[in-house]
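Participant: Once you've looked at the hints, go ahead and assemble the two chains, each given alone in its own frame, into the complex.
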Amino acid sequence: MRTAWALFLTFAKIGLFTFGGGYAMIPLIQREAVENRGWVSQEDILDVVAIAESTPGPIAINAATFIGSRVAGRRGAACATLGVVLPSFLIILAISYALEAFEHLRAVRYAFWGIRAGVLALILRALCNLFRQCRKDAFSVAIMLGAFAAAALLKVNAIAVIACCGALGVARAYAGRAKP
Amino acid sequence: MICLDLFWTFFRIGLFTFGGGYAMLPLIQSEVLAHGWMDTAQIVNFIAVSESTPGPFAVNISTYIGRVTAGIPGAVCATAGVVLPSFTVILIVAAFYAKFRRSRAVEGAMTGLRPTVIGLIAASLLSIGREVFAPGAGWVPAIVSLGIFALAALLAFRRKHPICVIALSAAIGVAAGYALQL
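Residue numbers (my numbering), protein chains in the order written: chain X, 25 to 204; chain V, 55 to 236.
Only chain V is shown next, with the shape it has when bound in the complex (with noise of 0.2 angstroms):
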């Protein structure tokens, strides 16, 4: 039951990604905090895990919250779920592609949708900001994580590899938890 729960959950995600990458992060926060799957926390963690991992986010993000929901069967279902709608469409494109680049509607529809994308993504960043920021545990943390995300945006900004920003991060973070025992 809670297979063809996630199945039909990725499959929406799926359906309604448009364009690569953190396109999808709106979608997947949307879904599965509402399913109560994983918290914002987590989601966030896994950006980093599926930065430093080989792959499509869309993969990698299905398989883990699959696999940590539901098993196997579970990340078999999530995974499936977010390819089918993709590989359908596309098998359909594909046969009169020629037509599907200069038809109106589908110009249209990327000139709502491209703004949107932008629009969602920067509400997911203002979320995630709070409560990245959040002074939970006391001013101290929060000024110590405002001081790396400063950092990394600099290093992000100059065209850094994520991976070198997350492992800076890292770095910063294990050694300012141990100085504050946090």
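Pulled out of the complex, with its shape left as it was, chain X reads as follows (with noise of 0.2 angstroms):
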């Protein structure tokens, strides 16, 4: 029980303190469950990253659940998880209803007005960044051509692309075309 509020305590700090979520959480998480808790090792927060990266959900929810699970099974998970959320989730909350009593304010207007045009810049350095770690090899720049004529010039469901193109890989692997 003791870990099991640990673990919630320790999350919901990591989801405090991290802004932007996923990777960022990264670093916070290291020094809180390996440092501090030694609830990981840190050979283990690699498989962490590696897991929460390959499994379906946000990084840092993957990661947290993870982590809870292994120091405390499925209560763990459940605090650790929870733990994560909550701190977003009240803020956010609060927020909400002060953005709906000014966003149609003159200033907040204009200032969400020249926020959009940042915001896309920011798009556009998160994408490079994705696209730097990505392998270039030809089935690689394939899928990013497909997946993007889908969705920008057929309209297609990102859901609908998301899956078609991890069967894709799926199949291709089994096709032993792959290195592993």
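None of these hints come from the bench; they were simulated from the model.
Only true hints are included.
Here are some chain X residues pointing at chain V (derived, C-beta under 7 angstroms):
(1) Pro-80
(2) Ala-131
(3) Ile-139
(4) Leu-192
What follows is a list of derived Cβ distance ranges for each label pair:
(5) X:Ala-195 / V:Leu-236: 50 to 58 angstroms
(6) X:Ala-131 / V:Gly-90: 23 to 31 angstroms
(7) X:Glu-127 / V:Arg-155: 39 to 47 angstroms
(8) V:Pro-189 / X:Gln-66: 48 to 56 angstroms
(9) X:Glu-124 / V:Val-194: 25 to 33 angstroms
(10) X:Ala-166 / V:Ala-188: 30 to 38 angstroms
(11) X:Arg-61 / V:Thr-142: 23 to 31 angstroms
(12) X:Arg-55 / V:Asp-93: 33 to 41 angstroms
(13) X:Ala-74 / V:Gly-190: 44 to 52 angstroms
Quick caveat: nothing in here was measured; it's all calculated off a predicted structure.
Glycine included, C-beta positions come from ideal geometry on N, C-alpha and C.
Facilitator: This is how it looks when you write it as structure tokens:
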């Protein structure tokens, strides 16, 4: 019970102090779960990241559930996940009322008009980072272009594109051409 | 009823998101626009809010859309929906994760999924860009937007913190908005 509570508190702290989520959370998880608590070893953190990346869902949630379950089973997983979710949930709940109250103000409209152009730049940077890290063999490039064309030109639903391309990757692996 | 729809929609979004941060954006766009819960401008506005508040983007946006669409019960349903697939899959995987890591199917799926996410985010970027630079209110605002974007991109690629990029864009937006009487 004390471990479960510690998991909840630690992940609430991680959730509260990570801006942007995902990969931004990994160093903090490392500090809290490896160095301060000793819940997972330094090598295991690599496993945590690899698994969080290759399973569906946000990386932050995946990492919290995984570490929670390693430390204290299903109850630990539930506590860690609730911990990482709760701070943002409460903060956004509060902000949603403020946004509604102020979004019609002239200054706020102007601010968001400027912000939208800025966010575009942030998305571009994220895209470039992902592109740099991705393999660029013929298969990957074909998938990139195919997914782009399907979404941008043919307006195919994103879920359908993801399901098809994931299946293509699996099929290719079993066809024996993929180098593991 | 709308709560059930929120739960199920965000459940699907959670189930098909691979990777962190903006990997979820194309799915949010597809699903949320199809439901008419928010328009593109509102989604982009909220990205800025999410970058400036703690916590994962996934939780932030599902809480927000749920709350705006169906109050606090909506927020709970959407957030539970986005979390549940991760939670369930990880509990299963944690039981035999050594096997999972060496699985050929998982490895193969990821070789397909990583480039997919890139193609989809590029498509999102294009559609959002079209909206941001649309000369609906005349050419001057569109050109100012382009200027803000160029400056923001310069800062972003020099690894300035997103909050810093957002704050500057907001300041220019307010100044230009009043100056041009948009």
